[in-house]
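Enquirer: Construct the complete structure from the given sequences, taking the supplied hints into account.
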Amino acid sequence: DAPTEIWRAPSAGGPAERVVGTQGVARDPELTPDGSGLIYAGDHSGGALNLWWRVLRGGRERRLTRGAGDYLAPRISRDGRRLVCEARTSVGSLHVLDLGAASPGLGQALTGAGAEDGAPSSARTGRIAFSSARSGTYDIWTSDADGGNPRPLPSDADNDSLPAISPDGSRGAFGSSRGGRRGLWLV
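Going letter by letter, the sequence shown gives residues 1 to 187 in my numbering.
A portion of the hints provided could be inaccurate.
Said to hold, decoys possible - What follows is a set of in silico ranges between Cβ atoms, one per label pair, in the way DEER data are often shown:
(1) 78 - 4: 23 to 33 Å
(2) 156 - 116: 14 to 24 Å
(3) 181 - 19: 30 to 40 Å
(4) 112 - 62: 33 to 43 Å
(5) 59 - 101: 17 to 27 Å
Hints listed in this document are in silico derivations from the structure and should not be mistaken for laboratory results. Where is the CB? At the ideal position from N, CA and C, for every residue including glycine.
Expert: Now the structure itself:
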């Protein structure tokens with residue numbers, strides 16, 4: 001529910017500082033690899049959520065996406081040049097944006113709409129992990145950096161969510177209620 005804001009606090013403790021204040025929604029913060037900037041989903045003008053980039057120390061904001069639907073869950077590559085996000089332009093797909101482009105716009109679709117793909121995580125190698133309902137339940141899938149060669153990780157009848165892929169792409173962690181207990185799993 002609006003309004004929501006994004007705040008940060010020192011890891012050693014201390015007072016919190018408002019980073020993004022808005023009359024609308026601000027969510028899904030993602031720091032740039034060098035820690036100088038922030039990308040987040042927000043609806044500054046009402047309506048759809050778009051991705052925004054801002055410098056943390058007194059900088060202006062720059063709108064990264066434009067178009068129908070919501071753009072959420074931004075994940076920046078370790079070199080800071082590429083961003084993978086969830087695009088709810090129909091029924092969820094993953095898009096990639098070139099952050100070096102003057103106006104990234106809608107980005108390039110990595111996965112097709114209709115599979116409810118979301119919650120992306122990317123490795124240093126470019127490999128992507130994401131949740132998808134393409135097999136009937138939410139499972140964790142991986143793909144190449146361009147969305148090609150999608151493969152499911154070992155799954156079961158319970159829903160799996162929120163993947164995090166290791167920097168080298170060799171392992172993944174995710175949340176699941178396997179065995180009747182909600183927990184973190186590593187594969």
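Enquirer: Look at each hint and say if it fits the structure.
Expert: Going through the hints against the structure:
1. Between residue 78 and residue 4 the C-beta distance comes to about 28 Å, which sits within the given range of 23 to 33 Å.
2. Checked against the given bound of 14 to 24 Å, the beta carbons of residue 156 and residue 116, roughly 18 Å apart, stay inside it.
3. Range check, residue 181 to residue 19: about 35 Å between beta-carbon atoms, so the 30 to 40 Å window is met.
4. With their beta carbons about 29 Å apart, residue 112 and residue 62 fall outside the hinted range of 33 to 43 Å.
5. For the hinted restraint 17 to 27 Å between residue 59 and residue 101, the CB-CB distance of approximately 19 Å keeps it satisfied.
Checked against the numbered hints given earlier, this structure breaks only hint 4.
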